[in-house]
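Q: In the order they appear, the protein sequences are chains A and B. Just so we're aligned: the first sequence equals residues 1 to 242 in full-length UniProt numbering. Just so we're aligned: the second sequence equals residues 1 to 136 in full-length UniProt numbering.
Under the rule of at most 25 Å between Cα atoms (straight-line distance), these lysine-lysine pairs were calculated in the BS3-like manner: (1) Lys129(B) to Lys114(A); (2) Lys114(A) to Lys16(A); (3) Lys64(B) to Lys70(A); (4) Lys129(B) to Lys70(A).
What the hints contain is simulated information worked out from the structure, not anything from laboratory work. Everything numeric in this text was worked out from a predicted model, so none of it was measured.
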Amino acid sequence: MRPLLELAREKLRRRKVIAVMSGKGGVGKSVVAALLALARPGSVLVDLDLEGMSAPKLFGVAGRLHEVGKEGIEPLEAGGVKLFSLGGIVGDRYVVLPGYGQAGAVEALLAFAKIDSDIVVVDMPPGMGEELLALGRAADYLPVVVTTPSKASYKVVRQLVDYLAEAGKRPAALVLNMAYLDCGGSRVYPFGRGDEARRLGEAVGAPVYEVPVDPSLEDYVGRIHEYRGPVADAVRKVAERL
Amino acid sequence: MHEWSLALSLVQTLDRWALERGVQIRRVVLSVPSPAQLDVSILTEAFDSLKRESRLEGARLEVKVRSPRYRCRACGYEFGQEEVDPQIRRLVGQYGEEYPLHLIPELLPTFVRCPRCGSHDIEAELSIKVEEVETA
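Turn these sequences into a full structure, and let the hints guide you.
A: Here it is, written out as structure tokens:
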């Protein structure tokens, strides 16, 4: 018997667990996850990107360590979001882990986190590895799949959607991130229209949401909770439907 | 203090397990890897306090602290706990009481290197496990 896995399951039972994932890195998962959590005040954001740990950087709490009390790990809080990350355990240090360690870290983080919200947004790592399997053991999650319109990311996203289908899950949303730029009122699509991703969404019955490029977002890395631009508006629309 | 949340996870998990089977629990053997450096007296105190009004009310907790054997997957060297203890002591000095391996023993390869070749690619059984449950 593994008490931490059981406790992780118990912690997440009867909560809405929204897992923001993609088959690929660099598509903006962490930004989407952060803005989704911000769109639902009081929600908990769990960063399961064990090696990347972008969420603490986005919220400006990188290097800060979680307090640990009798009830477990206390969240780092920023902008009304309660954040849990391995970064809050190891601080500003790299993490290198074999697969068995990744599963243990995911279970321990979920089991010890003081989760008290009905909505738990999970920022997943790129790829389809141990963390994805570990989350599947711990929770019945709602997948939000993030991609860009680029053909380069489509293939891996399709594979992820195929995997989810075999696991009996359908994406609750397909987010086409960095879809367009607003140039004086007209939209420019620098990475293509994302037709393949759109067809994929239709084929599996997942709504597709376009999220624009906003260069000013970069200025909010470290204080994403203060960002009020078009990317947040677009992600809020996704949040309203989940 | 994380011993309390670990004890809570143990009591909640086993209480549910016992309820499903309609049994009471008399004895629990928990196996923890030594790099976690858990305070067994706090863990037992927490267990005894949290077990009240559950199917573990009359249960005794035994904690087995095991010294893992390690194997480096890069050079094949096999070694014991005594060879990594100095590295773990430095870690405790650096992070304090709630140091990372105390919370998540599986993080060991992040912080410990093979004493022979310096690789982080180390394998060992590092999970916290319930080894035995005696019921009535």
